[in-house]
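Each protein sequence line maps, in turn, to chains A and B.
Numbered according to our numbering, the first sequence spans residues 1 to 257.
Numbered according to our numbering, the second sequence spans residues 1001 to 1329.
If you're looking for bench data, these hints aren't it; they were derived computationally from the structure.
Some hints could be false.
[To be verified] If you want the footprint, here are the derived chain B segments under chain A, 3+ residues with CB under 8 Å:
#1 1041 to 1048
#2 1060 to 1071
#3 1142 to 1150
#4 1215 to 1221
#5 1277 to 1285
[Unchecked claim] If you want the ones that stay clear, here's a sample from chain B, every Cβ over 10 Å from chain A, calculated:
#6 Thr1034
#7 Asp1076
#8 Pro1168
#9 Asp1232
#10 Trp1249
#11 Glu1314
[Stated by the list, open to error] FRET-style restraints, in silico, Cβ to Cβ:
#12 B:Lys1193 <-> A:Asn22: 27 to 33 Å
#13 B:Leu1151 <-> A:Ala90: 16 to 22 Å
#14 A:Ser222 <-> B:Arg1169: 35 to 41 Å
#15 A:Leu135 <-> B:Gly1046: 32 to 38 Å
#16 B:Gly1046 <-> A:Ala215: 43 to 49 Å
#17 B:Asp1013 <-> A:Gly208: 45 to 51 Å
#18 B:Gly1046 <-> A:Arg189: 57 to 63 Å
#19 B:Lys1003 <-> A:Phe199: 45 to 51 Å
#20 B:Gly1046 <-> A:Leu32: 49 to 55 Å
#21 B:Gly1128 <-> A:Lys255: 30 to 36 Å
#22 B:Gly1171 <-> A:Lys255: 27 to 33 Å
#23 B:Pro1221 <-> A:Leu32: 34 to 40 Å
#24 A:Gly29 <-> B:Asp1013: 33 to 39 Å
#25 A:Asp20 <-> B:Gly1049: 31 to 37 Å
Just so it is clear, CB atoms sit at the ideal spot from N, CA and C, and this is done for glycine as well.
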Amino acid sequence: MRIAVLMKQTFDTAAIISLDANGQIERQGVNLIINPYDEFAVEEALRLKEKHGGEVTVISAGAPETQDAMLQALAMGADKAILVTDDNMAGSDEYAAALVLSKVLGGLEFDLLLAGWRAVDDGSAQVAVRVAELLGLPQVNVVTSLTIEDAKAVATRDIEGGSEVVEVPLPALITAQKGLNEPRYPTMRGIMQAKKKPFQKLSLSELGLDAAQIAPKVKAISYFLPAPRAACKLVPGEAPEAARELCRILRETAKII
Amino acid sequence: MAKGIWIFAEHRDGKIKKVTLELLSAGRKLAKETGEEVSALLFGKGVSGLASTLAEYGADKVYLADDDMLAQYTTDAYSKALSDLIMEKEPSLLLIGCTVLGRDLAARVAQKVKTCLMSDCTGVELSGGQLVFVRPVYAGKAFVKAVCPELKPVMATVRPNVLIADEPRAGRGAEVVNVAVYLEKTDLRQVIKEVVMQISTRPELTEANIIVSGGRGMKGPENYKILEELADVLGAAVGASRAAVDSGWIPQSFQVGQTGKTVSPALYIACGISGSTMHLAGMSSSKCIVAINKDPEADIFKVADYGIVGDLFEVVPLLTEECKKLLAS
Ligand SMILES: Cc1cc2nc3c(=O)[nH]c(=O)nc-3n(C[C@H](O)[C@H](O)[C@H](O)COP(=O)(O)OP(=O)(O)OC[C@H]3O[C@@H](n4cnc5c(N)ncnc54)[C@H](O)[C@@H]3O)c2cc1C
C-alpha cells in the first residue's frame, strides 16, 4: 500500500508566544517540532505499512528548516520525503498550501492520504480537507481508529457526544486524532538511516506554480496576546468556610450559578 | 449589492444547537449595519418543524433542504448541497458553528466554492465596512485579526459559547424556501456503519455552560464520582486533563486541552489540575475559572479567577453540599 502523509512543522506546544517589534509572532528561540497530530498520522502510516506492506511518503510545504521535522519522520520509519520550499510561500494561507500540496500529490500514486486533523499553530484544520477536495478524495476527519481492507478504509471518528464508524473507498483522506495510536520514538539506527533516504526538495516553479497563484486571500491585520487575567482571588478559610464562600461568590459576584 | 448573511443551522435530536442560536444573534447584529437579510440553512430529513425556532432567533428566511440523502450528516452530501446553494445564491457571509460537524463541512465547502475560511473564530465584527474576524492561534496563546477582502462568500466557523444568543422573539416568522437537492447515490462515498452515543444526562462538553474538570489529582477512576455529583447539582458537564485520560481513568472524549476539546464555558472548575499550557490551550477562554488545588504554587492559579488551596477530596463534596443548599433556596 502506498501511503502519503501530510505533515507540518510547528512551534513546540510548550513554547511561550510573544510578539516582535513589528507585531508579528516572534519566531526566534522557539523549538520546532512535528505537529503532534501529524505524528499520529505518521505512526498510523507506519503501522499500516507493517501490516500490509508498501511505502510511506511524507510531504510538507514550509520553510527550509521543515526538513528537520521530516527527517524525524524518516527516522521513525517513513521511506521518502518531499518538501516544497520557496521564498514566495511565506505568509501563504490554507488555500495556497492546499494548492501546493495537491500539486505534489497529483504527481504521485497513492492509496491512502493521512494527515493530522489540525495543526497546533494556526488551528485551522483546513489544509488536508482542501487537498482532498482538490483531488476529489472522500474524507474521514478526527479519526481514533482505522482499518484498511478490500480497498476500503473503515474509520472511527469522534462526533459530539459519541463516535461513528464510517467507511470510504480508497484512495481517501483520513485525519488523525489523539487516541489513534502512540507515536514511536526514532531509534538511533533509524536516525542514521534517515539521512540516506530519498529527500526531494521542490520549488513552486518546479510544480508549475507561480507566486500569483499562491497569493494569500486571507490577510492578517494584527496579532495580539490575550489580555492578562485578573489576579486569582484565593478564598480564605478552612474547607467548609471556603466552600460556602466560593458558592456565595459564584452566585452573588460572578452571577453564574 | 450585498447578498445576505447565512447561518448554517446545526441540529441534533430534533433540537437546534445553541451555537446556531448564537450565530443567528450575531448575524442579526451584522445585518443591522449592512442592511442585509439573515438566512438560516436547515438541512436534514423531516426537519421543517425547526424553522420556527430559527425565525424566533432572528432568521428572515429559512432555506430548507429536506431530503432522504441528508437524513444523516455525511461530508459528501452536505458539502455538495450547501455549495450548490452558495453558487446559486451567492451570499456575502456564511457562518457555521465550530463543532465537529461544522469544521468537517466548512473546510470542504470553502474549497468547493473556492473561498477563504476563518476557523474557530472567537469574534466577528464589522469595521470600516469590512468583516474582521478574531481567531486564536498557537492554542490561544495569541490571537489574530484577519480579513478576506477578495472572495465571496466570506466563511467562518465560530466557537460555541463565545457569542451571546439573544432572547427569542415569540411569534416572529420567516419565509421558508424549499431548496432542491441535486444528489445522486454516486455522490455519496461515505457509508456510516455505526453510531455510538454515550448516554448521558449531562450537557455536551463543548456546549456546556459549566464544566467540572478533574486531573491527576483525582487519583483514580472511582473518584470521578465526586465531580459527577457536583456536576449534577450545577447542571454541568465533566471534563478531564490529559493526565487523567492517559491514566485510563476517564475516556479520551472528556479531555480538555491542546489534544482534547476546546471549551468556553461560563464557569470552569479545575480540580487537581496543575494548569499546564497544554491544558490551558483548551479552556483559557472560559469566562470564569475556579481552581481547587492543594499546591498554592500550581500554575492553574495564574489563570484562575477564584481559587481554593486545599484537598479536593475535602473541598469538592463540601462545595456540592453548599451549592445544593444554595440552589434549593
Ligand atoms: C503534545 C502534548 C499535548 C498535550 N495535550 C494536553 C491536553 O490536551 N490536555 C491536557 O490536560 N494536557 C495535555 N498535555 C499534557 C500536559 O502537558 C500535562 O501533562 C497535563 O495537563 C497534566 O495534567 P494534570 O494537571 O491533571 O496533572 P499534574 O500536572 O500532575 O497536576 C496534578 C495537580 O493536582 C494537584 N493535586 C494532587 N492531589 C490533589 C488533591 N488531593 N487535592 C487538590 N489538588 C491535588 C497537584 O497539586 C497538581 O497541581 C499535552 C502534552 C503534550 C506533550
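Tell me, in ascending order, the numbers of any earlier hints that this structure violates.
Result: hints 1, 2, 4, 7, 11, 12, 24, 25 break, sorted rising.
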